[in-house]
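*Asks:* Here are the chains, one letter per residue:
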Amino acid sequence: MIRARGLAQTFHTKQGRRKSVVRAVDGVDLDVAEGEVVGFLGPNGAGKTTTLRMLTTLLRPTAGTATVAGYDVVREAEQVRRSIGYVSQAGGAFSGARAGDEVMDHGMLYGLRRKVVEERGTTLFEQMDLHGLWTRMPKNMSGGQKRRLDIVMGLIHEPTLVFLDEPTTGLDPQARANLWEHIRDLRTRRGATVFLTTHYLDEADALSDRILIIDQGRIVAADTADNLKAQVSGDLVDLELIDPARVSEAAAKLATLTESASEVNIEDRHVRGRVARAGRSVQGLIRDLDRAGIDLDSIEVRRPTLDDVFLALTGRSLRDAETAGSGESDGATTGPDAPAEPTAREDRAVSDAPEGVLR
Amino acid sequence: MRFLRESHIVFRRQLRMNLRNPAWVIIGMLQPVLYLLLFGPLLKPLIDQFGATNAYTFFVPGMLVQLGIFGAFFAGFSLIGEWREGVIEAERVTPASRTALLVGRLYRDLLQLLVQALILIGLGYALGMDAPIRGVVIGTLLTLLIGGACAAASNALALTTKSEDVMAPVINMVMMPVLLLSGILLPMTIGPEWLTTASTFMPIRHVVDGVRDSFGGHYSSSGLLWGSIWSLVLFGLAIWWGTATFRKENS
Chain A
1 MIRARGLAQT FHTKQGRRKS VVRAVDGVDL DVAEGEVVGF LGPNGAGKTT TLRMLTTLLR
61 PTAGTATVAG YDVVREAEQV RRSIGYVSQA GGAFSGARAG DEVMDHGMLY GLRRKVVEER
121 GTTLFEQMDL HGLWTRMPKN MSGGQKRRLD IVMGLIHEPT LVFLDEPTTG LDPQARANLW
181 EHIRDLRTRR GATVFLTTHY LDEADALSDR ILIIDQGRIV AADTADNLKA QVSGDLVDLE
241 LIDPARVSEA AAKLATLTES ASEVNIEDRH VRGRVARAGR SVQGLIRDLD RAGIDLDSIE
301 VRRPTLDDVF LALTGRSLRD AETAGSGESD GATTGPDAPA EPTAREDRAV SDAPEGVLR
Chain B
1 MRFLRESHIV FRRQLRMNLR NPAWVIIGML QPVLYLLLFG PLLKPLIDQF GATNAYTFFV
61 PGMLVQLGIF GAFFAGFSLI GEWREGVIEA ERVTPASRTA LLVGRLYRDL LQLLVQALIL
121 IGLGYALGMD APIRGVVIGT LLTLLIGGAC AAASNALALT TKSEDVMAPV INMVMMPVLL
181 LSGILLPMTI GPEWLTTAST FMPIRHVVDG VRDSFGGHYS SSGLLWGSIW SLVLFGLAIW
241 WGTATFRKEN S
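Residue numbers (the numbering used here), protein chains in the order written: chain A, 1 to 359; chain B, 1 to 251.
By construction, these hints were calculated from the structure, which means they are not laboratory data.
Any given hint could be a false lead.
[What the hints assert, rightly or not] Straight line, CA to CA, 25 Å or less: simulated PhoX-like cross-link-like pairs of lysine-lysine:
1) B:162 x A:14
2) A:19 x B:248
3) B:44 x B:162
4) B:248 x A:139
5) B:162 x A:19
6) A:14 x B:44
Please read these numbers as outputs of a predicted model, since none were measured by experiment.
Model the full structure from these sequences, guided by the hints.
*Replies:* Right, here's the structure in full:
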């Protein structure tokens with residue numbers, strides 16, 4: 001559905017007398033298959049929106065090529081526009097115009113007949129829980145309603161590929177969870193391919209089949225959330241022993257499962273280590289401990305978060321890379337717990353473990 | 001055909017939004033009335049010195065051009081608001097022609113200008129203007145051309161600056177010399193020679209002269225010819241500029 005090779009965008013900026021060249025997007029290769037939901041994740045300013053604007057024909061790439069829905073974004077811009085829906089961060093409906101009028105005009109700019117647009121618009125309003133808001137102005141709508149209206153506008157010509165640029169930014173947790181349902185519906189109900197940018201880890205995790213991570217204008221990773229997590233660090237196994245005298249024994253046993261013995265970390269009665277696919281191996285570990293008569297107070301297996309992935313790939317935490325986005329993920333359904341335990345840092349060293357071993 | 005359809009959709013949307021805010025419509029209608037009623041009488045005793053006979057036949061064409069230019073210069077401000085809310089981007093992601101997105105907005109500005117012009121001309125006749133219908137029609141067409149040029153330029157400027165704070169001073173800077181050097185209020189010919197010479201470099205002056213000649217019934221004058229040429233040239237350039245910004249519009 002999308003195929004980009006070496007896509008780049010260079011801006012020339014002037015600060016006083018100094019001219020500088022900013023490489024907002026610096027050679028992006030990406031592929032999206034039909035029917036996929038792909039999350040495009042990265043900190044603010046990483047080049048997400050610029051990439052999106054090139055893929056949606058709004059911005060001409062300074063280098064590279066991209067094919068979207070089978071058409072070249074530069075040479076066949078019009079066909080691309082016909083095939084895609086794009087919901088920008090700013091929205092698209094004027095705050096002082098009636099919602100229904102904006103949808104009608106937008107649909108008719110695609111060359112659709114008035115009646116067709118009206119029918120589709122009414123159905124979409126129902127599906128997006130906007131029933132009865134046809135004549136309301138966006139300025140009198142809630143943030144969530146306005147976002148859903150923007151999505152209605154993006155869907156009015158029934159595109160097979162939908163681009164969503166930071167769809168839930170600025171929404172409260174409830175509205176976010178609700179919008180997620182609607183985004184999932186895009187595929188289940190309409191069979192659409194969805195490409196969404198976000199700087200929320202939990203959002204990329206919850207919605208996408210596959211995640212592309214962009215940092216400083218380059219794609220640094222592209223895989224499923226599970227694979228990314230498995231690649232980077234493995235699951236965290238945290239054993240809490242009843243008898244503190246036996247921690248080293250337990251550590252030795254845990255070390256047989258980790259990549260190397262140095263990865264096992266001891267702290268008071270706790271023994272912690274990263275284990276690939278811990279769900280499979282931890283059973284044997286428990287039997288082993290049991291046979292040796294080492295009793296556990298608790299055992300915890302924690303899947304790595306995308307924040308761990310980002311940290312491993314870029315050397316920075318996604319939150320550190322964020323400058324402004326501090327109001328994120330305040331407890332929304334699957335918020336990343338991002339444990340700040342000391343082992344996460346050490347694990348970075350082994351992040352380049354070959355994938356084959358892990359899967 | 002497709003172009004007409006697309007620009008019509010844009011036009012209808014703009015018109016709907018304008019009518020939703022009737023304050024602007026009323027101010028727009030009042031402007032020419034106030035100029036004619038409050039400034040016209042001042043010209044009456046002076047008219048002989050201009051080498052003209054009828055104050056309103058002299059004054060209405062100037063007012064017409066002024067309306068066309070100044071009203072249209074402000075057209076771009078509403079575009080900045082639309083841009084900020086993502087409307088322009090949403091329109092640009094549709095397959096609609098970029099020129100249609102601009103021209104649809106120009107229709108609205110031209111319609112407003114036409115209504116203003118009709119009020120002005122009607123009132124002018126009521127106050128004793130003496131002008132042939134044919135001349136009035138030609139003069140009005142020239143006014144619409146120059147008004148369209150200014151509206152297109154204003155839209156282009158709006159999408160280039162994307163800020164009211166930058167745009168307002170720029171427009172003020174352009175408007176002052178236009179007002180003073182094009183003989184809208186008083187004819188340039190009564191001034192000293194250097195000033196008259198300076199004014200010949202102001203394209204709008206030729207448009208004002210052209211409209212005045214056509215209102216006076218002088219259809220074969222060089223003034224009308226040059227006025228028409230300048231109107232067409234400025235219109236063409238502004239449309240080209242406006243379309244280019246709708247096509248590019250980086251951000």
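*Asks:* For every hint, state whether the structure bears it out.
*Replies:* Hint by hint, here is what the structure shows:
For the hint pairing residue 162 of chain B with residue 14 of chain A, the CA-to-CA distance comes to about 17 Å; that is within 25 Å, so the pair holds. As the CA atoms of residue 19 of chain A and residue 248 of chain B are separated by approximately 21 Å, the hinted pair is consistent with the 25 Å bound. Between residue 44 of chain B and residue 162 of chain B the CA atoms are separated by roughly 44 Å; this puts the pair beyond 25 Å, and the hint is violated. Among the hinted pairs, residue 248 of chain B with residue 139 of chain A is inconsistent with the structure: their alpha-carbon atoms are about 29 Å apart, more than 25 Å.
With a C-alpha separation of about 21 Å, the suggested pairing of residue 162 of chain B with residue 19 of chain A holds against the 25 Å cut-off. Distance restraint check for residue 14 of chain A and residue 44 of chain B: the Cα-Cα separation of roughly 54 Å exceeds the 25 Å cut-off, and the hinted pair is therefore not satisfied.
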